[in-house]
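If you want the building blocks of each chain, they are given just below.
2 protein chains.
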Amino acid sequence: MSRPRGVWAVFVVLMLALSMGGMAKAEEKVFKWKLATTWAPTLVPFIDAPKDMVKMVEKMSGGRLLIEIVTSDKHKKPYGVLDMVKDDEYEMGHSAAYYYIKKDVTLAPLTTMPFGMLPYEQYAWFYYGGGMALMQEAYAGYGVLSFPGGSTGNEMGGWFNKEINTLDDLKGLKMRIPGFGGMVMSELGVKVVNMPAVKLAGALKSGKLDALEWVGPGMDIALGFHKIAKYYYSGWHEPASEMQYLVNTAKYNELPEDLREILRVAMKVTAYNMYIRLQHMHGEAWATMKKEYPNIVIKSFPISIMDAMREANNKIIRRISAKNPMFKKIIDSKRSYQETIRAWTKISDFLYLVESL
Amino acid sequence: MSRPRGVWAVFVVLMLALSMGGMAKAEEKVFKWKLATTWAPTLVPFIDAPKDMVKMVEKMSGGRLLIEIVTSDKHKKPYGVLDMVKDDEYEMGHSAAYYYIKKDVTLAPLTTMPFGMLPYEQYAWFYYGGGMALMQEAYAGYGVLSFPGGSTGNEMGGWFNKEINTLDDLKGLKMRIPGFGGMVMSELGVKVVNMPAVKLAGALKSGKLDALEWVGPGMDIALGFHKIAKYYYSGWHEPASEMQYLVNTAKYNELPEDLREILRVAMKVTAYNMYIRLQHMHGEAWATMKKEYPNIVIKSFPISIMDAMREANNKIIRRISAKNPMFKKIIDSKRSYQETIRAWTKISDFLYLVESL
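Sequence order for the protein chains is A and B. Residue numbers for the first sequence follow this note's numbering, so the first one is 10 and each next one is one higher. Residue numbers for the second sequence follow this note's numbering, so the first one is 10 and each next one is one higher.
Treat the hints with care, as some may be off.
Remember, identical chains collapse to one label, so a pair may be satisfied in a single copy or spanning two.
With a straight-line Cα cutoff of 16 Å, these simulated EDC-like cross-link-like pairs (lysine to aspartate or glutamate) come out [claimed, not checked]:
#1 308 x 364
#2 68 x 267
#3 64 x 266
#4 41 x 98
#5 355 x 293
#6 299 x 348
#7 180 x 263
#8 300 x 348
#9 260 x 97
#10 260 x 77
#11 43 x 61
#12 38 x 67
#13 68 x 113
#14 41 x 77
Derived from the structure by calculation, the hints contain no laboratory data.
Let the sequences and hints guide you as you build the complete structure.
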């Protein structure tokens, strides 16, 4: 019986090899990642972009890529997200490029610029007008990839306790307005103040602030500014603020191609979704505000002030561009693209809105 | 030696069971589907939405959901896509709801309506304003699911050989304009003509047509209308034409949940992408047209004509609504949503565009 036993043994070894192969497939590698947000868990809808993305990725990957979200109330570094992804403390982040304006001004125009593109125009620039390549170039030194992470839409110019009719009305005005918008306002004599979100409404009420900008009705409503200030100014300084996903490049490269595609697609669709959802929230909130506080007055800055803002903005851009070729490269690309696509916006959506008024 | 042999045999059976389990996992079920398009393979960028979707799905599923695209030049039934998906000749389709206006007028407003929502407004209605549920209700009788499949953006009012200054100028005018736009024009005395795309430019040149609408610069440019007609009118009749994915419900239900999620996400992102890509194409093409044919004149219809169009549109909607409660339900939902979100569009993008002129 020694021969038959030998045959059995060969067969067993064969089966063992086969089943090991099968088991390796069944227990495919699971990637466990962490994502740091600039946001607290309550900051709807910013926080929902990464939350939805993580759920999508888990479902689509059949549980092979699991991403845990760590919000800013936990990691305590809302504006440290870029560095933490760079240093691989977190594989991913959800933040906005212009929060790093003091660290690296090159990144700021990747979010939005005063007098810049509207959301659909900017998405066209990112995906079909060379924007994505420039964004990766700007982040290459950090060893980080950056992807659009959701647009706020066109932000409102802000809540003002008094009307702004002349440039003199801006002199000494105490206003919360960060980033390039704040730099422009500062050039025009505004005293630019920064403070945490939770203190804004109180400061507006007490007169510590004369004006502030936040986002737009959908996010402003929760902070109650419409119960305090009478004038709501139309936007000029952040026409398409785009949040961002950050991914540590080395970690991204470790993923097999199907998981990379799953991650890319989930980031892209949740970015678009956040834009659309926030416009829905703006519409609903604006209807509520108008109904409950019918005395709110919508205003636009007079042409003389808009011209002065535009001039100040150009001056700031020239100053930075002279020292920073990559900043200049991004600005030049955006401006040239905007000229082309805005000509289309003017004969399509704009004329349609004029006619339907 | 009989006992040891028995032990071997048990072991072999165990190994066999294990390896079979492993192999089943390794050779997970592959779904092979077919998707019928209303488009020829050359109709960029409509055709690219399903093409990109299919590639994404294959990559993300690791080859477990393979979808073959069959274009209209092959299946010969460009306007039979809904029926073919209903009858399970194809698991999926890529088409537009308003092509089935004669078969079932209920579906048409799911694409767009004259004086209706702009693309971002309509996406907000679909995804956050109840539109998706109404769309599924409208298609339930067909045993088919419908998902947004990409927007053309705001379509232009069309190319005209002569200026339209009064309602009399429309009487007897021979124009290619299908769907609700055509019904409105017909009410105003226009002789509405239909003909295949390839014949349009010739008819416009020979005077067989006085006017025609197609899409917008990005798709009009290939057909050469800008070389013939002088007047390019701004849009009113199709402000956000949304293509659609159709999926046979029974086939969709056969997919495991991870593949369903992969399919849903890929359809959604390629729809958004098509919208953005076509706006890019519109921008580029409009720049080319203006440069090569500087005599093209952009016009909007005078207010008197717009008012008459609006009235005719309302009359048509009332007539259909009286007989078709589901049509009425969709129209009412869209109109109510539009009122809310348009109020936001007016104080955001619109005022921004006014200021930046």
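A quick look at each hint next to the structure:
With identical chains, the CA atoms of residue 308 and residue 364 are at most 16 Å apart between copies only, with a shortest distance of 11 Å across copies and 21 Å within one. For the identical chains of this complex, residue 68 and residue 267 are neighbours both inside a copy (13 Å) and across copies (5 Å), given an alpha-carbon limit of 16 Å. In the homo-oligomer, the alpha carbons of residue 64 and residue 266 lie at most 16 Å apart only across protomers (13 Å), although the nearest pairing inside one protomer, at 19 Å, exceeds that limit. In the homo-oligomer, the alpha carbons of residue 41 and residue 98 lie at most 16 Å apart inside one protomer (13 Å), although the nearest pairing across protomers, at 42 Å, exceeds that limit.
For a Cα distance limit of 16 Å, the shortest separation of residue 355 from residue 293 across copies, 14 Å, qualifies, whereas the shortest one inside one copy, 26 Å, does not. When the C-alpha separation of residue 299 and residue 348 is checked against a cutoff of 16 Å, the pair qualifies only between copies, where the shortest distance is 13 Å, while the shortest distance within a copy is 34 Å. For the identical chains of this complex, residue 180 and residue 263 are neighbours neither inside a copy (54 Å) nor across copies (67 Å), given an alpha-carbon limit of 16 Å. Within a single copy, residue 300 and residue 348 get their C-alpha atoms only as close as 38 Å, which misses the 16 Å cut-off; across copies the closest is 14 Å, which meets it.
In this assembly of identical chains, the alpha carbons of residue 260 and residue 97 lie at most 16 Å apart only when taken from the same copy (8 Å versus 43 Å across copies). In the homo-oligomer, the alpha carbons of residue 260 and residue 77 lie at most 16 Å apart inside one protomer (15 Å), although the nearest pairing across protomers, at 33 Å, exceeds that limit. For the homomeric pair residue 43 and residue 61, the shortest alpha-carbon distance inside one copy (15 Å) is at most 16 Å, but the shortest distance between copies (29 Å) is not. For the homomeric pair residue 38 and residue 67, the shortest alpha-carbon distance inside one copy (13 Å) is at most 16 Å, but the shortest distance between copies (20 Å) is not.
Taking the shortest alpha-carbon separations for residue 68 and residue 113, neither the intra-copy value of 36 Å nor the inter-copy value of 36 Å comes in at or below 16 Å. When the C-alpha separation of residue 41 and residue 77 is checked against a cutoff of 16 Å, the pair qualifies only within one copy, where the shortest distance is 8 Å, while the shortest distance between copies is 34 Å.
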